[in-house]
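Colleague: So the chains spell out like this:
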Amino acid sequence: MDVLYFAWVRERIGLPREVVNTNARTVKELVSELVAREERYEAAFADISALRVALDQELSSFDAPLKGVREVAFFPPMTGG
Amino acid sequence: MDVRVQESAFDLGVETSEFAAKTSASGAVVTFTGIVRNNAAGTLEHMQIEHYPAMTQKALEAISNEALTRWQLEDAKVIHRFGALKPGEMIMMVATAAPHRKDAFEAAEFLMDYLKSRAPFWKKEVSSDDASWVAAKEEDEAALGRWQE
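Chains A and B, in that order, give the protein sequences. The first sequence lines up with residues 1 to 81 when you count with the numbering used here. The second sequence lines up with residues 1 to 149 when you count with the numbering used here.
The hints are simulated quantities; they were obtained by calculation from the structure and are not laboratory data.
If we take Cβ atoms under 10 angstroms as the criterion, some of the chain A residues that face chain B in the derived model are:
no. : residue
1   : Arg10
2   : Asp56
3   : Thr79
Residues from chain B that keep clear of chain A, each with C-beta distances beyond 10 angstroms, as calculated:
no. : residue
4   : Asp2
5   : Ala41
6   : Leu44
7   : Pro99
8   : Ser128
No residue lacks a Cβ here, since even glycine has one placed at the ideal position from N, Cα and C.
Please model the complete structure; the sequences and the hints are all you need to start from.
Modeller: The structure is reproduced here in structure tokens:
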């Protein structure tokens, strides 16, 4: 699936998007897999309560299942307006 | 309904006039405009606004549709810019048209409250000696509470 990062999450991980092959069943499991990879992921996901997640461009939760999802995006709380 | 996400500047006067001219059943048009504010030291070079292109348009349309459903509105317009914006530049605008002003004011406030915390934009303040992401404010999140019943 495509995994996208925005704002300081993108800066900490060092790339805007990547393709991830995963069997993770939920967003939380995907985060655990990413964190286990490298320190920069650990730095980005240190506090998931400070993060938001969107599944196929809809705001979702870290407990949400990933079945059928094509695009996951991680970002800090939005600051529009 | 007119929802636009763009890098280029917009002309508030033209946008408002066009919007108001299209309404015939409305006695009230309310507009709000967000402007890049300089920091306290006056050193802001620009505000870098990042967004999530695949999601932004959809999210803004969903919020606008919600406003059109909840209030007696004839029409709504939202323009939100991204990219590097200098102090004094307009970031975004909303306009609402309604038969009566109460609906127009309330719907405009609703749109602003939701845009702040639910539209996928992120602001970074870039000054001569620093660059930092603007943190979301708790009061902005709390402001959504009054619309949830």
